[in-house]
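**Q** Chains as they are written, first to last, in numbering that gives the first Met the number 0: chain A, 0 to 561; chain B, 0 to 350.
None of these hints come from the bench; they were simulated from the model.
Watch out, some of these pointers could steer you wrong.
One-sided excerpt, in silico: chain A residues whose CB lies under 10 Å from chain B [as the list claims (entries may be wrong)]: (1) Ala224; (2) Tyr231; (3) Met235; (4) Asn239; (5) Pro241; (6) Tyr337; (7) Ser456; (8) Tyr518.
For each residue, glycine too, the CB sits at the ideal point set by N, CA and C.
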Amino acid sequence: MNRSGSRTWLLWLIPLAFLLFFFYQPLLVIFRQVFSERFNQGWQFFSWEQVTRPLGFTLWQAFLSTLLTLLIGLPAAYLFARFDFPGRKGLRALSLLPFILPTVVVATAFNTLIGPRGWLNVILMNLFNLSSAPINLLNSFSAILLAHVFYNTSIVIRMVGSSLARLNPHYDEAAGVLGANPWRVFKEVSLPLLMPSILGASLLVFLFDFTSFGVVLMLGGPQFATLEVEIYNQAMNRLNLPVAGLLSVVQLAFTLIITLLQNRVNNPRYGKAALGSERKTLMKPKTKLQKLYVVLLSLLVLILFVTPILSLISRSLVTFDAARGERGEVETGLTFRYYTELFQNRSGSVFYANPLAAVRNSLVFSVLTMLIATSMGLIAAYALASSGKFIRWLEPLFMLPLGASAVILGLGFLITFNKAPWTSGAFPIMIPIAHSLIALPFAVRTLLPAIRGIPISLREAALVMGAKPWRVFREVDLPILLRAIIASLAFSFTISLGEFGASSFLSSPQTPTIPVLIYRYISQPGALNYGQALAMSTLLLVTSAAGSLLIEKIRLPGEELF
Amino acid sequence: MIKKIFYILFVLVLLISACQPTANDVRTLTIITHDSFSVSAELVSGFEEENNVRLVFIQGGDTGSALNRLILTSVNSKTPEADVFYGLDNTFLSRALEQNLFEPYQPEGLENIPDEFKLDPEFFVVPIDFGDVCINYDRAYFSERNIELPRSLQDLTKPEYEGLLVVENPATSSPGLAFMLATIAEFGEDAWLDWWQAMKVNQVAIVSDWETAYYNNFSGSSGKGPQPMVVSYASSPAAELIYAETALSESPTASLIAPGMCWRQVEFAGILNNTPNRDLAEKFIDFLLSKEFQEDMPMQMFVFPVLPAAELPEDFITASQLPETVSSLNSALIAAHRDAWINEWANLMLK
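Turn these sequences into a full structure, and let the hints steer you where they fit.
**A** Here you go:
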């Protein structure tokens with residue numbers, strides 16, 4: 000990239016400035032406020048146990064969760080990247096859905112499925128004549144792990160899958176012809192080539208689990224506390240901001256350490272020609288072993304990701320109410336009542352929002368987020384992929400937003416941007432900005448391995464032949480990057496669509512997003528409210544599925560559909 | 000693809016510009032409140048027209064979060080983030096008053112409000128509504144099994160109620176905190192933990208938040224969980240009736256309202272320090288105590304009006320039970336011990 004002159008360098012400043020202004024600034028402002036009084040009063044305001052206990056638990060559960068996620072995610076990524084089988088595209092799209100569901104909805108979905116009276120337990124109890132529910136996962140450590148796997152496997156499927164799809168199969172063949180056995184081919188050829196994306200995905204998964212909040216609070220129950228839960232607890236319930244601030248510094252520091260560690264191992268050692276543009280690597284399963292693999296893994300993906308979602312959707316369409324407590328006739332039947340009820344403002348509340356208005360609000364925010372995060376991510380990833388040592392050193396800077404405590408950052412936002420032009424007008428511009436901060440690390444991580452895989456020779460050839468840089472980008476880089484760009488668009492779109500914390504913090508009650516509306520219904524007693532929350536969740540799923548399918552359809556002009 | 004992006008951007012710009020309000024010289028009054036706040040659109044527009052004002056509501060999470068947000072932003076700037084705070088409750092009262100957040104104001108009609116609600120004698124904040132945190136139970140569960148209902152907190156430690164109650168963690172849930180305070184009021188500062196110890200032996204279920212407790216653990220809700228008793232509000236059975244799928248003749252749930260079992264939450268509103276809109280803020284507080292608003296509250300927020308003259312809707316009366324005696328603690332005492340109590344509770348119950 001030594002030819003790319005000073006103007007391109009200026010371009011790199013855009014994502015950097017974005018981060019400095021919208022992330023590092025509010026963080027510094029809040030830390031200054033939280034700690035300024037403390038500097039004079041000494042540092043005896045906390046006990047080490049307050050830090051080490053949540054930290055230990057946080058690291059332990061994140062480690063286990065990441066391991067389990069890889070254990071399921073890697074074979075699943077292979078399944079989708081290599082084999083062509085009926086329902087592949089649909090299943091792959093469905094596997095992204097868990098990613099967007101707010102925790103309160105996932106808790107509900109799990110409850111309808113594996114809760115004490117969920118249908119799985121009911122079936123097992125009837126089948127084996129048991130008097131109590133055999134599966135007791137809710138409110139346990141296993142529930143935390145299960146939910147993390149449920150949430151994050153799609154990260155592995157997408158990120159590793161996009162590298163797998165670009166893996167040159169001739170290399171395997173060549174190694175095979177040269178006499179290497181399949182294990183050796185995998186170990187010495189495929190794995191090193193895939194390593195950057197595997198590490199990248201693990202890092203994201205680990206950081207996501209590391210800062211886990213809702214899952215631990217709602218599914219794990221009160222005996223478990225990650226750093227993020229403890230920060231929330233100290234800041235919002237105990238009003239003890241210094242301890243909350245300290246814990247969030249610890250969380251940031253560990254995020255930085257983890258990112259740096261990962262950065263050290265993540266140096267591409269192999270020639271770049273091995274990863275090219277997406278090839279037609281899909282094949283029909285031929286041998287018995289391959290068929291078995293496809294069937295078993297599809298089943299696993301189906302059970303793990305699709306059944307909780309189906310159970311949620313079906314519950315939004317079926318009424319059980321008359322059967323409640325066995326009073327009167329048992330009437331279960333199909334109903335659209337929950338959906339039609341969404342369109343009614345029964346209590347005449349000033350905060351009532353039509354579900355379609357909420358869908359519109361959410362879509363506006365998520366499309367903006369998608370464009371901001373992916374364009375910033377693309378520029379940043381190009382900068383990071385260049386050989387400059389200085390710039391590569393900046394990478395953790397882009398990953399740090401994942402490790403920031405949402406509560407602390409939120410409070411920082413409030414203090415820093417609590418004035419015009421940020422709060423004026425009716426459009427809450429801070430929402431897509433906050434969402435972009437969350438999505439940016441994903442965009443960078445998804446795009447970076449792809450950019451590093453662009454063969455320099457191709458680019459050089461194009462330049463030698465007199466192509467302008469823009470044309471080189473369009474005709475050499477873009478076709479190679481397309482998969483990764485699409486993955487980044489899909490990620491940032493879904494991240495924004497399902498995000499709850501920042502949205503509820505920053506949105507006005509008159510313009511709620513879908514997750515905010517879901518939460519509003521489920522925080523009130525009453526069968527109708529519960530049903531409407533499920534109906535709204537279904538609407539969220541449909542919106543997200545439609546959105547990601549549309550994004551998947553993006554093609555370059557002239558590109559063949561496969 | 001680029002054409003498409005431009006098209007999307009164009010649509011977005013249209014959408015955004017459609018959202019912009021038309022500029023004129025209407026003043027704005029900002030009210031910060033908790034997530035459960037709601038009011039009829041009709042009443043809001045009535046107030047807005049009458050006073051030539053636009054009301055902006057900020058929902059700052061639960062009561063604690065909203066208060067904390069206010070404390071933080073008021074330290075930092077001369078003018079507060081909002082003009083009025085609505086939703087401060089008696090468990091946070093002292094804490095908020097210590098922070099000097101409010102300007103005193105005695106609205107008209109204050110003399111009509113019973114003295115039991117006037118917990119701030121200097122009227123930095125005035126009472127607007129109240130509600131009781133009580134244990135709700137699944138009526139069918141108890142009637143089918145012919146189990147007698149517990150008649151006191153002490154009864155709940157008996158073996159026949161083993162594993163039947165779910166409570167919320169007081170560190171993360173406001174009904175959970177209220178219930179913990181009720182047990183302190185009932186058994187005293189020395190003995191309340193003994194009761195919790197007995198409950199621990201009796202397999203009380205503990206979850207983090209009301210949503211999980213009510214919809215995932217409580218058998219009387221649509222979630223059909225395993226426990227037939229849950230710490231919720233005395234007005235929840237009314238909500239079950241009003242928001243039932245098919246018209247029910249009676250609520251599937253009810254509250255245990257024996258003496259000592261419920262905690263009364265009184266909610267207050269106050270004018271925030273240094274507001275540039277003091278005149279409008281006063282009018283808004285008057286409005287909150289007006290008969291119209293007081294009669295609107297029950298169906299919007301499932302709370303009771305502090306104004307005795309306010310009439311309650313029929314549905315609300317049918318399923319609501321008002322406990323005759325409720326527990327309370329001095330709010331200065333709460334402020335002084337709240338963190339210590341929560342820690343003691345957590346050390347006992349979560350280890």
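**Q** Confirm or reject each hint.
**A** These are the hints, each one checked on the structure:
no. : hint   : result
1   : Ala224 : 9 Å, holds
2   : Tyr231 : 8 Å, holds
3   : Met235 : 5 Å, holds
4   : Asn239 : 8 Å, holds
5   : Pro241 : 13 Å, violated
6   : Tyr337 : 8 Å, holds
7   : Ser456 : 26 Å, violated
8   : Tyr518 : 8 Å, holds
Hint check: violations occur at hints 5 and 7; the rest are consistent with the structure.
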